[in-house]
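Based on the sequences and whatever the hints tell you, model everything.
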Amino acid sequence: MDLKEKLVSSFLAFENSVDIDSYVHDVRSEAIKVFEEKGFPSKKEEAWKYTSLNKILKVDYSVFPKQENALDYKDVKQYFIHDIDTYKIIFIDGKYSSHLSETTHDGIDVCLMSAALNKPKYRLVIENYFNKAASKESLASLNTAFASEGAYIHIPKNKIADKPIQVIHFSTGNESASLLQPRNLIVVEENSHVQIIERHQSLTNNAVLTNSVTEIFARKRAIVDYYKIQNDTANASLIDNTFIKQQRESIASVHTFAFGGKLTRNNLNYYQEGERIDSILKGVTILGDKQHVDHNTLVHHIEPNCESHQDYKGIFGDQSTGVFNGKIIVEKEAQKTNAFQSNNNILVSDKASINTKPQLEIFADDVKCSHGCTIGQLDESALFYMQSRGIPKKEAKALLMYAFSNNVLSSVKIPEIKQRINKIIANKLGVDIGFDL
Amino acid sequence: MLKIDNLHASVEDKSILKGINLEVKPGEVHAIMGPNGSGKSTLASVIAGKEEYEVTKGNIEFEGEDIEELAAEERAHKGVFLSFQYPVEIPGVSVTNFMKTAINESRKAKGLEDMPAKDMLKLIREKSELLEIDRKFLSRSLNEGFSGGEKKRNEIFQMAMLEPKLAILDETDSGLDIDALRIVANGVNKLKSNDNAVVVITHYQRLLDYIVPDFVHVLYNGRIVKSGGKELAHELEEKGYDWIKEEVNA
Ligand SMILES: Nc1ncnc2c1ncn2[C@@H]1O[C@H](COP(=O)(O)OP(=O)(O)OP(=O)(O)O)[C@@H](O)[C@H]1O
Ligand SMILES: [Mg+2]
Numbered sequence: 001m002d003l004k005e006k007l008v009s010s011f012l013a014f015e016n017s018v019d020i021d022s023y024v025h026d027v028r029s030e031a032i033k034v035f036e037e038k039g040f041p042s043k044k045e046e047a048w049k050y051t052s053l054n055k056i057l058k059v060d061y062s063v064f065p066k067q068e069n070a071l072d073y074k075d076v077k078q079y080f081i082h083d084i085d086t087y088k089i090i091f092i093d094g095k096y097s098s099h100l101s102e103t104t105h106d107g108i109d110v111c112l113m114s115a116a117l118n119k120p121k122y123r124l125v126i127e128n129y130f131n132k133a134a135s136k137e138s139l140a141s142l143n144t145a146f147a148s149e150g151a152y153i154h155i156p157k158n159k160i161a162d163k164p165i166q167v168i169h170f171s172t173g174n175e176s177a178s179l180l181q182p183r184n185l186i187v188v189e190e191n192s193h194v195q196i197i198e199r200h201q202s203l204t205n206n207a208v209l210t211n212s213v214t215e216i217f218a219r220k221r222a223i224v225d226y227y228k229i230q231n232d233t234a235n236a237s238l239i240d241n242t243f244i245k246q247q248r249e250s251i252a253s254v255h256t257f258a259f260g261g262k263l264t265r266n267n268l269n270y271y272q273e274g275e276r277i278d279s280i281l282k283g284v285t286i287l288g289d290k291q292h293v294d295h296n297t298l299v300h301h302i303e304p305n306c307e308s309h310q311d312y313k314g315i316f317g318d319q320s321t322g323v324f325n326g327k328i329i330v331e332k333e334a335q336k337t338n339a340f341q342s343n344n345n346i347l348v349s350d351k352a353s354i355n356t357k358p359q360l361e362i363f364a365d366d367v368k369c370s371h372g373c374t375i376g377q378l379d380e381s382a383l384f385y386m387q388s389r390g391i392p393k394k395e396a397k398a399l400l401m402y403a404f405s406n407n408v409l410s411s412v413k414i415p416e417i418k419q420r421i422n423k424i425i426a427n428k429l430g431v432d433i434g435f436d437l
Numbered sequence: 001m002l003k004i005d006n007l008h009a010s011v012e013d014k015s016i017l018k019g020i021n022l023e024v025k026p027g028e029v030h031a032i033m034g035p036n037g038s039g040k041s042t043l044a045s046v047i048a049g050k051e052e053y054e055v056t057k058g059n060i061e062f063e064g065e066d067i068e069e070l071a072a073e074e075r076a077h078k079g080v081f082l083s084f085q086y087p088v089e090i091p092g093v094s095v096t097n098f099m100k101t102a103i104n105e106s107r108k109a110k111g112l113e114d115m116p117a118k119d120m121l122k123l124i125r126e127k128s129e130l131l132e133i134d135r136k137f138l139s140r141s142l143n144e145g146f147s148g149g150e151k152k153r154n155e156i157f158q159m160a161m162l163e164p165k166l167a168i169l170d171e172t173d174s175g176l177d178i179d180a181l182r183i184v185a186n187g188v189n190k191l192k193s194n195d196n197a198v199v200v201i202t203h204y205q206r207l208l209d210y211i212v213p214d215f216v217h218v219l220y221n222g223r224i225v226k227s228g229g230k231e232l233a234h235e236l237e238e239k240g241y242d243w244i245k246e247e248v249n250a
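These protein sequence lines are chains H and X, in that order. Note that the first sequence covers residues 1 to 437 in the numbering used here. Note that the second sequence covers residues 1 to 250 in the numbering used here.
A hint or two may mislead.
[What the hints assert, rightly or not] The calculated DSSO-like cross-link candidates involving lysine-lysine, where the alpha carbons are at most 27 Å apart (straight line), are:
1) 136/X to 413/H
2) 118/X to 78/X
3) 78/X to 393/H
4) 118/X to 423/H
5) 351/H to 49/H
6) 165/X to 393/H
7) 4/H to 157/H
8) 14/X to 393/H
9) 394/H to 108/X
10) 108/X to 418/H
[To be verified] Partial list, computed: chain H residues near chain X (C-beta under 7 Å):
11) 305
12) 382
13) 384
14) 387
15) 388
16) 389
17) 392
18) 403
Hints are computed from structural coordinates only; laboratory data are not their basis. The structure presented is a predicted model; accordingly, all values stated were derived computationally and were not measured. Just so you know, even glycine gets a beta-carbon here, dropped at the ideal spot from N, CA and C.
This is how it looks when you write it as structure tokens:
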């Protein structure tokens, strides 16, 4: 039985195991039908031309966690941003870990999707928002069909979340191979502000495949800052589907730091549903070995006077491969749109490669759109210059690469995150230098 | 200090240096002059350890040790410094952080701890004052958008920070206005002692009025074809290179 059949045939059992809320039940049943019809995407589809799921789908994943696992904080502390006070929503093998978490209902809701799906008091929010941003594409539908657990964050009107929220998904490898499908819902009401840090972390060499869906709603003048730290182990793959709907004058930024994992696909989709919206998409990708990262972005400009800023930097070593596919749609009504996109890449090895493709579909006439992509090598003369000042080649390379990605890092608003990213980069590049440029 | 013996070097099979002999002792100042394309910058790069150039014959000794096999950074750690004819732009790395990294990497190579931040700041202040460099300048990306003169002044600032034993200044005077030339030359002279040495590559006498050479060499077509005292530089300024070319070709 292949993975698709296995998932489809286990749907009924799954539905019986969770509380059947009628609204979500219908949504799930719809979704499994879509998945059954479309199946997993293949390289024949334009959007999947450079990323093949074949290999990772051949693995025999257990699709539901069988037992609950516990972790000691001291063993996983390194994966937390632990030098600042944060709320924490932590999952171990897809199950909530109350022991590692710190949730709240005090003015804001920082809690669990399972609770939100089952308790009447969340019913209105669920009906208004659940699956209202996610696309009907097959992987998102698969997630929707099995949506049961994840982070639920609701920031009511005129509230600034008093501290950042960390969402971490650990997998322990108690199963020989596991499929995880976290489902997150984030609603930030008018004039409110929240900062979220998300991480998927495998603690094992066993195969893990995560197919995650995050829906984010930024209502009028809301500000959402989202940081994704992707630095997983060599047998962990991630398909991240993030959908952001923005209303008037809201600002939503997503920084994606892709440093690890076997295969990572980031489907990041923005829908601008009001005027004077700003959408910010930034990424730093540093890969080695045979790692593969595919950034697939969509910014849909629907209303006039909005902006979008995309800046993705990639550094590819060894036999790693990268894809950047950035689509911008500007509807006829979306006059005075400013849409910027840039994707710069450095290939550090002859065997590494990157496919980069901007896709612009512009139906309005009064717009400013710019896009540019570059692929280059490290500047040899710069390396010699640095070496001649006593900086060894490896460190010189690291410094050049760091400087190259610094534009993206400089817009990170939480200093501790920046420090953490700096450390991961130094570690990744195998150097021991401070990058406090 | 530096002893170059029958040095041949080529790039992509094109032979550029064709038998250079040069000895520089502590305390000395040497000037190397010569027509465009004669190999002056190549010689400087080969001494500093640029990998692109292949030494095909001869050797380079620094303080009694063969250094051809050493990486550029290892030569730097031993006290070799090259002020570039065309300093390279390093976007995203500030002058200050570049120097911090350079100094601490040198210290690391010598088994020393990082320089304490306070000492580093003091050193930077002291040396930037010596070269009359504005503080704001130090937080800019290294050489990016610097004027020609600013780049050269910055090279000597780096030299002052690193205090090398052997400094090779490749056309440091070009692009400098008269005041800057004086400041830069003055900086070099302040750093000069009986234990270190300077090799200046230049086309003009005016720098040598400030940094007075003990020896002047003429490099032509990959060889040192004439050496003399400081008066040779005056002669070249007056007469050009034709008479030397004739002598060589005769
Ligand atoms: N990387 C290289 N590839 C090919 N040719 C080179 C390279 N580097 C130097 N050359 C050639 O070697 C010769 C010597 O160059 P070099 O830069 O050393 O001259 P120079 O004496 O410093 O000249 P100038 O006074 O103009 O600075 C020139 O003909 C130059 O074109
Ligand atoms: Mg030259």
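Evaluation of the provided hints:
1. 136/X to 413/H: 24 Å, holds
2. 118/X to 78/X: 25 Å, holds
3. 78/X to 393/H: 16 Å, holds
4. 118/X to 423/H: Judged against 27 Å, a Cα distance of about 23 Å means the pair holds.
5. 351/H to 49/H: 19 Å, holds
6. 165/X to 393/H: 22 Å, holds
7. 4/H to 157/H: 41 Å, violated
8. 14/X to 393/H: It holds: about 26 Å lies between the C-alpha atoms, which stays within 27 Å.
9. 394/H to 108/X: 14 Å, holds
10. 108/X to 418/H: 25 Å, holds
11. 305: 32 Å, violated
12. 382: Since the shortest Cβ distance to chain X is 5 Å, the answer is holds.
13. 384: Given a least distance of 5 Å, the restraint on residue 384/H holds.
14. 387: 4 Å, holds
15. 388: 5 Å, holds
16. 389: 4 Å, holds
17. 392: For residue 392/H, the interface hint holds, since the closest Cβ of chain X sits about 5 Å away, which is under 7 Å.
18. 403: Cβ of residue 403/H sits 3 Å from chain X, so the hint holds.
Comparing the model with each numbered hint stated earlier shows that hints 7 and 11 do not hold.
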